[in-house]
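From first to last, the protein sequence lines are chains A and B. Under my numbering, the first residue of the first sequence is numbered 1, with each subsequent residue one higher. Under my numbering, the first residue of the second sequence is numbered 1001, with each subsequent residue one higher.
Heads up, a few of these hints could be off.
Below 20 Å or equal to it, Euclidean Cα-Cα: the simulated PhoX-like pairs (lysine-lysine) are [as the list claims (entries may be wrong)]: (1) LYS1491(B) - LYS1426(B); (2) LYS66(A) - LYS1162(B); (3) LYS1100(B) - LYS1289(B); (4) LYS85(A) - LYS1486(B); (5) LYS1100(B) - LYS1491(B); (6) LYS1289(B) - LYS1101(B); (7) LYS1489(B) - LYS1135(B); (8) LYS1487(B) - LYS1162(B); (9) LYS66(A) - LYS1487(B); (10) LYS1245(B) - LYS66(A).
In short, the hints are calculated from the structure, not lab data. Predicted model only: the values in this text are computed from it and were never measured.
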Amino acid sequence: MHQLRRYFQEFARRGEFIIPLSFLVVSIFLIYLSTQFRTPVRFAVAVGPAFFPQAVLAAIMILSAKLIYDYLRADSLRKFRQFDKVENPRNLWITLAFMLAYVLLLGILGFVVLTPIWVGAYMYAVGIRRWKLLIPAAVILSALLIVVFPVLFQVPLPRGIGIFRTISILVY
Amino acid sequence: MLSNLALGLGNLVIPANFIWLLVGVFVGLAAGATPGISGTMTVAILIPITYGMDSIPAFILLTSVYAVAVYSGSITAVLFRTPGAPEAAATVMDGYAMTKKGEPHRALGYAMFSSFLGGTIGAMVLLLVSPQLAKVALEFGSPEVFSLIAFTMVAVSSINVKNQIKGLVAAFFGLLLATVGLDVITSVPRYTFGISVLQAGFDFIPVILGLFGVSEALRMIQGPTSVGRAVKKVRTVLPRIKEIKEMLPTYLRSIPIGIGIGALPGVGATTASFVTYATAARVSKEPEKFGTGIPEGICAPESANNAAAMGAMVPLLSLGIPGSATTAVMLGALTLHGLRAGPLLFTHFPEFAYTILVSAIVANILIIVVSPIFIRFFARIFQIPTGIIGTGILMLSVVGSFAIRNNIVDIWIVLIFGLLGYVLEKHDFPMAPIVIGLVLGQLGEQELRRSLIISGGDPSIFFVGHPISLTFLAISVGILLIPVFKKLKGKFR
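Let the hints inform the model, and build the full structure from the sequences given.
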């Protein structure tokens, strides 16, 4: 985790170079893909489906190349970005990990079971340690989400599998 | 027009609709007053909630949030020197200085009255101008529409951004996202990578929820655990008639400037507030007093930013072209409800269009009624820990994105765009051009190709015999060349 954070910090410092380079590389790949768009015969005389994406990608490539050129010409002070210190940098990673877990578990545990557990655990993880605040906040927020989406607006949110599905059917 | 106006007013006095308006006013006040929560993000995360509603109450809610959030940023600007929204940044100078002089109630009163006045007049202008502009826009052909979109994209990516090249990259990135899915003319799949849900292209809602919701939550969650500070109970005192009369020249100057700036793509309410603050200081007989806590320093930016927010809705409703991130989000919401902003909105859905216009006026009027009540409870709202606000934003973004198509792929899109938005914004790539590019990309491509098909591939169709198109393109080139001129000017000095 610590090593991963260091890599990310290094990436952020060199972002002025890495981001335009990524745009450039992806654009080259997408231009290659666009050459395989086949225009149907009845549209043969018209401007084809590859025309607009190719024009847009060409513009991105030129502009990204200019950003890379500017980066290479800049002095080292401007090359490596220094960002303002944040109070809780760890929370970024915690949030990403929790979000990933939520998406992966949603299909198994279902919305009704997973949401209150997730909300409570996540709030605790990002620093809300007062139980008198955490429990009501988690309960109210989860209840609001359940009432608004599956109950009121009848959004068919995932019900989960097995017993979790049974619990979910009891609620909506 | 009067009958449509009566229809709009009639819709608004329906109790259920009026309650949605009040809800929107309170949500707008709370969101605008909380640093880190933008009006754009609030409108974005409310869209999935409005999905299950009829279009009229849904847009009453969204319009009132949009109108009021611009004002409430001034509350924290006045009390804590921390603008709740960027539009209130210019208000800090004299608003906070007045608080330091022991007159926060007067500063809040001036900010509230000025916002009410600027917003209400702006909304009335919107009501008068939009239908007329829509009639003109009905005459636009494909070259004109394409050129207007090109002008909007250039303006949004070049004005008010830290780095023009990055702004342009962001705009083209947005246009690129719009090309994903089946081609509108030939139905050839483009960049779908075999994922069936991508055949319909990127749904707009998960992308904006990622760019504005998740990315802002990621920023917020790393900051201090509470944005609030110890807040004493504050009351609000409205300016007296005599004081309002003294401010009249400031209002007469600032409100038209605000509306004009707001209607231009890419400029927006923040610029309007700074421009009018600077103008007020320049024409003042005592410019040295600006920054020491004088009413003009609050009235100029606060009346202008609300007027600008309403001005920004003119091109959205009449031309279907958003000039700012929030109006782009509103355009996305219109699409979600099966409506298309633009000239036909006034002819095909006059009841809807006029209800929006009337609700914009009433929401601005309600600022002066509801705001004093809100400020009383403000201390409690302001001290909610960021962990709870962040969790709410994340959950609304994730669940809201799923609600649109009931597809898990949209949750992944929210997360990917959330992280992407966070990284790009950290490196000064603006978000507004991405969103506007995504919203306008398909229409822009369609009109460009249609024009070229009509002309047999001859690009002169955009210049010869189409003066409106030529004008838009000439202005766009002018905006693109501004940095070059600035560089040359610097060299010759």
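Hints, one by one, checked against the model:
no.	hint	result
1	LYS1491(B) - LYS1426(B)	31 Å, violated
2	LYS66(A) - LYS1162(B)	16 Å, holds
3	LYS1100(B) - LYS1289(B)	15 Å, holds
4	LYS85(A) - LYS1486(B)	34 Å, violated
5	LYS1100(B) - LYS1491(B)	45 Å, violated
6	LYS1289(B) - LYS1101(B)	14 Å, holds
7	LYS1489(B) - LYS1135(B)	42 Å, violated
8	LYS1487(B) - LYS1162(B)	16 Å, holds
9	LYS66(A) - LYS1487(B)	16 Å, holds
10	LYS1245(B) - LYS66(A)	53 Å, violated
In this structure, the earlier hints numbered 1, 4, 5, 7 and 10 are contradicted, and the remaining ones agree with it.
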